[in-house]
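Asks: Starting from the structure of chain B, add chain R where the hints point.
There are 2 protein chains.
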Amino acid sequence: MSKRSGQLRLGAFLYPTGHHIAAWRHPDAQADAGLNFRHYVELAKAAEAAKFDLVFLADGVGTRGDSVDFLSRTAHSYVAQFEPITLLSALAAVTERIGLVGTASTSFNEPYHIARKFASLDHISGGRAGWNLVTSSNEHEAKNFNRDKHFDHAERYERAAEFAEVTAGLWDSWDDDAFVRDKAQGRFFDPDRRHVLDHKGRFFQVKGPLNVARSPQGHPVVVQAGSSEAGRELAARTAEVIFTAQQTLEDAVNFYADVKGRLEKYGRHPDDLKIMPGVFPIVGRSESEATEKFEELQSLIDPKVGLALVSGLTGGFDLSGYPLDGPIPDLPETNASKSRQLLTIELARRENLTIRQLYLRIAGARGHWQLVGTAEQIVDELEERFVNYGADGFNVMPPVLPNGLKDFAELVLPELRRRGLFRDEYTGRTLRENLGLRRPQNRYVADGK
Amino acid sequence: MSKRSGQLRLGAFLYPTGHHIAAWRHPDAQADAGLNFRHYVELAKAAEAAKFDLVFLADGVGTRGDSVDFLSRTAHSYVAQFEPITLLSALAAVTERIGLVGTASTSFNEPYHIARKFASLDHISGGRAGWNLVTSSNEHEAKNFNRDKHFDHAERYERAAEFAEVTAGLWDSWDDDAFVRDKAQGRFFDPDRRHVLDHKGRFFQVKGPLNVARSPQGHPVVVQAGSSEAGRELAARTAEVIFTAQQTLEDAVNFYADVKGRLEKYGRHPDDLKIMPGVFPIVGRSESEATEKFEELQSLIDPKVGLALVSGLTGGFDLSGYPLDGPIPDLPETNASKSRQLLTIELARRENLTIRQLYLRIAGARGHWQLVGTAEQIVDELEERFVNYGADGFNVMPPVLPNGLKDFAELVLPELRRRGLFRDEYTGRTLRENLGLRRPQNRYVADGK
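So the protein lines, in turn, are chains B and R. Count the first sequence with this note's numbering and you get residues 1 to 449, in order. Count the second sequence with this note's numbering and you get residues 1 to 449, in order.
Calculated directly from the structure, the hints in this document are not laboratory data. Please read these numbers as outputs of a predicted model, since none were measured by experiment. C-beta atoms are modelled at their ideal positions from N, C-alpha and C, and glycine is treated no differently. Do not rely on the hints blindly, as some may be mistaken.
As the list claims (entries may be wrong) - Result set (EDC-like, lysine to aspartate or glutamate): computed pairs, CA atoms no more than 20 Å apart in a straight line: (1) 200(R) to 139(B); (2) 200(B) to 139(R); (3) 183(R) to 32(B); (4) 304(B) to 192(R); (5) 45(B) to 425(B).
Stated by the list, open to error - Some chain B residues close to chain R (C-beta under 7 Å, calculated; not the full set): (6) 31; (7) 37; (8) 75; (9) 83; (10) 92; (11) 93; (12) 110; (13) 120; (14) 123; (15) 146; (16) 188; (17) 211; (18) 249; (19) 351.
Here chain B stands alone, though its shape is the one from the complex (with noise of 0.2 Å):
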């Protein structure tokens, strides 16, 4: 395949005080970030001016670390914090054009208020709204929805692709111009143009018609982060963007040849999906400077919250009685994410780490692309995973926020703009058309119509 050219994607993922675990700690970090309205709104202005195309808020239906240990809890920063919904509706009054893409799990929502909510976002924000299609997999939130244990691997996937489906249904309730508003006549809509979906399937029975209008975009973007085998299957029926974490050119290059491969037999083109991964970078304007700056952050890691990390990762199995400084053990498959879990051994394998050194390692971007250096080198790696079709474009994970969004604006997307990797301007109306996503066409309108 002959190197690609164009342009890539960029999303900027809003971690409250900053993607490094100990973020929070920093001297830069605004410590309340996660329930301060004023430190999104300064970043999603930061993120539109830099015209990347979306903010991206990751979410949980439950106080994340309450599946480990209790004491290392207390260090945890993402305990508390503002609802996506919520947010990003918020944000969409405060901005223009960038893309607001917010997670809710299949696995504890009714399909019909997913849909209704991403719709009513997607009209306020006038065509700016992706959804974050997730699979939850921690006890402790599926104890928050009566339930003693969460969905096993098979069964939530079942139940995401048929969520993915009555919702996309959903927001095909309406053709674009069903309302015509006559006064004169008093027809508020045309009948003809109304669809009642009637679903009935293993896991939902949805009537509709959905009690919002088609979207400006048709429908909001969808975006997917699962890896596993069965995520990539979704992800290649239903995802419009794939969010992904591969360490290594490799491994991004398979997955990218793999997941595209999949689309055709979904009667799609691999260009209706992009694939956008993590990494998480700390720029300098020298490579030392890049590398303090890592180290500082590291310094602040408590050893019990790396213990915590690494045992979260690997699938949640308690690793407190292995020694640190010793390797990870063997560990059963997990019924939690398996595509983090084989991730995450695989390389402790292959850098043979210790328990310790695997937190130290991953603890930043917390399974991430970590990337370190100057604005040159790091673009250097962006540059060669964009053109050998590894990547899309790339979700940026700012290591401490504000700043480190900041900095990845001041001193690396120059460089990219520079190599013309990078637009200098927003040239869609929508995140779709920024994107290169075309809008979907409503399924019960003829073809040709």
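Replies: Just chain R now, kept in the frame of chain B:
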């Protein structure tokens, strides 16, 4: 009881094109209001400039009118509009002082989601969130949520009571000062100030804690609308504002005394609950101008829409076989809104109305209290209800928007202010403070601590 002094509270009930059933057909109406964000920004800012306590949004989880005659539905305008939580969150970002109250049903939601979203909105808005807790009584809503039928009246109120209890418990998950964010010690929160609800009830099992810090108001303000026996009891136990519908002073005074009298057994003070009936005002600079405005709107009602409305308000039975110019037939007790059925039938009997006369009589206010006249005449009526303990304030339902709200602000408010009945400026920082409601103490904090 001596006549009361003091000031009344006002809500601005924002129904997309206005509350009159034919509002959208009026030349002044913004026909696409339901999905026009700028329209709502304008309304919220106008209501805030006028010092209303709050804006109020209704909701349903289906396309309204699906339970009645299909043909009439094409003339209905409340079928596809913003979802309230997304809309209020967006409005939070462009307003500073006004309360933001949205409806969400307990019938097809999970308490963890609702507690979280309203707590998040309370943080985003700096303490201005309110939740109008309702139960869902339409089958077309149930069919969007895996059910063939909705819950029956008693079960749905039992579920609502438990839902409210869980939500309140989740809002107390963290003490106000739980987040110490001690960077040097690496201590983000104090584990002794974190509380696990561990609710196990008939309808819900919810472990907690909530993943949002305790919000500025402690709890978002809880609003309710039910006026049936079960609804009154639920309100006495859990509501802080009641949005109700009484046609006469006598009914209003009786309702007020009845509900306030139920508070003591729940350890509550009469001031802990504000009763704010809906009022549908058509105000003119002269009485004849007001009457002309009203007649213009009445002339826009399609008889099929009128009949469908009467069917809906009297319990959802099909009345299309009865002569429009004959009386309302005897109807069985509904399993939908019992109080709404009773109020509507009583009105028809009291005023000896035919079906046509009834729809003309109630179409405007959809069962609420309708006032047509000059500012002075309207304020006479409002004052009479207020000083005689028939209301603590009113939820204003403008007939057509945006002009109906503007008329109220420009004509009625100056007269209310001249009589000392309404504020010139906001005095409180939060919705709770403006309404005169105390901030609830955290249930886990010992008295006097």
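Asks: Output the indices of the hints that this structure fails to meet, ascending.
Replies: 18, 19
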